[in-house]
Amino acid sequence: QEKVQQSPESLIVPEGAMVSLNCSFSDSASQSIWWYQQHPGKGPKALISIFSNGNKKEGRLTVYLNRASLHVSLHIKDSQPSDSAVYLCAVSRGTGANTGKLTFGHGTILRVHP
Amino acid sequence: DPKIIQKPKYLVAVTGSEKILICEQYLGHNAMYWYRQSAKKPLEFMFSYSYQKLMDNQTASSRFQPQSSKKNHLDLQITALKPDDSATYFCASSQDQTNTLYFGAGTRLSVL
Numbered sequence: 001q002e003k004v005q006q007s008p009e010s011l012i013v014p015e016g017a018m019v020s021l022n023c024s025f026s027d028s029a030s031q032s033i034w035w036y037q038q039h040p041g042k043g044p045k046a047l048i049s050i051f052s053n054g055n056k057k058e059g060r061l062t063v064y065l066n067r068a069s070l071h072v073s074l075h076i077k078d079s080q081p082s083d084s085a086v087y088l089c090a091v092s093r094g095t096g097a098n099t100g101k102l103t104f105g106h107g108t109i110l111r112v113h114p
Numbered sequence: 115d116p117k118i119i120q121k122p123k124y125l126v127a128v129t130g131s132e133k134i135l136i137c138e139q140y141l142g143h144n145a146m147y148w149y150r151q152s153a154k155k156p157l158e159f160m161f162s163y164s165y166q167k168l169m170d171n172q173t174a175s176s177r178f179q180p181q182s183s184k185k186n187h188l189d190l191q192i193t194a195l196k197p198d199d200s201a202t203y204f205c206a207s208s209q210d211q212t213n214t215l216y217f218g219a220g221t222r223l224s225v226l
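Protein chains in written order, with the numbering used here: chain C, 1 to 114; chain Y, 115 to 226.
No lab work stands behind these hints: they were computed from the structure.
Some clues are possibly wrong.
Said to hold, decoys possible - No more than 30 angstroms apart at the CA atoms, straight line, and that leaves these computed lysine-lysine pairs for DSS-like:
1) C/K56 / Y/K123
2) Y/K167 / C/K42
3) C/K45 / Y/K167
4) C/K45 / C/K56
5) C/K45 / Y/K123
6) Y/K123 / C/K42
7) C/K3 / Y/K184
8) Y/K121 / Y/K133
9) Y/K155 / C/K3
10) Y/K117 / C/K57
11) Y/K154 / C/K45
12) C/K42 / Y/K185
13) C/K3 / Y/K167
14) C/K45 / Y/K155
15) Y/K167 / C/K77
16) Y/K185 / C/K45
17) Y/K123 / C/K77
18) Y/K154 / C/K42
19) Y/K167 / Y/K155
20) C/K45 / Y/K117
21) Y/K123 / Y/K196
22) Y/K117 / C/K56
23) Y/K121 / C/K56
24) Y/K196 / C/K3
25) Y/K133 / C/K42
26) Y/K133 / C/K45
27) C/K42 / Y/K155
28) C/K3 / C/K77
These figures come from a predicted structure and were not determined experimentally.
Pulled out of the complex, with its shape left as it was, chain C reads as follows (with noise of 0.2 angstroms):
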């Protein structure tokens, strides 16, 4: 079974700081990796997603993929106080067996301090 692990547990920065955040996974044979930030009271909300090798920007955020050591991260620049939240990374199975079951992680608090 598919397990999804985070680091850190939590994070506390000052605005403005390049924030980094990781993830490893146990299955090589994974489709794709979603980062998800969810605000306390609300349903989780996709932020970037990275299916090949290698990293993707979108904005602020920088997703970096390694399938050899099963390992994503993601990076925000210039983080602001608004994306105090906890992250949340998931996986998806592999090519054939997607029924859309994502496997999350427990996620990693951030908190970015004015």
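Could you slot chain Y onto chain C? The hints should help.
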């Protein structure tokens, strides 16, 4: 305007009772899901439906029964409630099963 509506937002139930959690999506998606988030566990997949047909069921108990009366509805019936069922239940949808999942705000269930 929320595009995925979950009702109620909060729900308190007694052990042994039955409840129905409501989910409607107005995104025009063909796939819908239920996930559960409890205090000590990560967000867990429960069910996926595509064009109102069950695609995957990862719940171990038959006490959890999804019901799809319309293509944009996926309700969740829970019978014989237990305190361990206390969690926030999230409904989600996507266009096909390989695309981005959009989540509702959740129903927070407390079983006493």
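Hints, verified against the model:
{"no.": "1", "hint": "C/K56 / Y/K123", "result": "violated, 36 angstroms"}
{"no.": "2", "hint": "Y/K167 / C/K42", "result": "holds, 27 angstroms"}
{"no.": "3", "hint": "C/K45 / Y/K167", "result": "holds, 25 angstroms"}
{"no.": "4", "hint": "C/K45 / C/K56", "result": "holds, 18 angstroms"}
{"no.": "5", "hint": "C/K45 / Y/K123", "result": "holds, 18 angstroms"}
{"no.": "6", "hint": "Y/K123 / C/K42", "result": "holds, 11 angstroms"}
{"no.": "7", "hint": "C/K3 / Y/K184", "result": "violated, 34 angstroms"}
{"no.": "8", "hint": "Y/K121 / Y/K133", "result": "holds, 11 angstroms"}
{"no.": "9", "hint": "Y/K155 / C/K3", "result": "holds, 12 angstroms"}
{"no.": "10", "hint": "Y/K117 / C/K57", "result": "holds, 27 angstroms"}
{"no.": "11", "hint": "Y/K154 / C/K45", "result": "holds, 20 angstroms"}
{"no.": "12", "hint": "C/K42 / Y/K185", "result": "holds, 24 angstroms"}
{"no.": "13", "hint": "C/K3 / Y/K167", "result": "holds, 27 angstroms"}
{"no.": "14", "hint": "C/K45 / Y/K155", "result": "holds, 19 angstroms"}
{"no.": "15", "hint": "Y/K167 / C/K77", "result": "violated, 42 angstroms"}
{"no.": "16", "hint": "Y/K185 / C/K45", "result": "holds, 23 angstroms"}
{"no.": "17", "hint": "Y/K123 / C/K77", "result": "violated, 34 angstroms"}
{"no.": "18", "hint": "Y/K154 / C/K42", "result": "holds, 18 angstroms"}
{"no.": "19", "hint": "Y/K167 / Y/K155", "result": "holds, 28 angstroms"}
{"no.": "20", "hint": "C/K45 / Y/K117", "result": "holds, 13 angstroms"}
{"no.": "21", "hint": "Y/K123 / Y/K196", "result": "holds, 19 angstroms"}
{"no.": "22", "hint": "Y/K117 / C/K56", "result": "holds, 28 angstroms"}
{"no.": "23", "hint": "Y/K121 / C/K56", "result": "violated, 37 angstroms"}
{"no.": "24", "hint": "Y/K196 / C/K3", "result": "holds, 27 angstroms"}
{"no.": "25", "hint": "Y/K133 / C/K42", "result": "holds, 22 angstroms"}
{"no.": "26", "hint": "Y/K133 / C/K45", "result": "holds, 27 angstroms"}
{"no.": "27", "hint": "C/K42 / Y/K155", "result": "holds, 17 angstroms"}
{"no.": "28", "hint": "C/K3 / C/K77", "result": "holds, 28 angstroms"}
Of the numbered hints listed earlier, those contradicted by the structure are 1, 7, 15, 17, 23.
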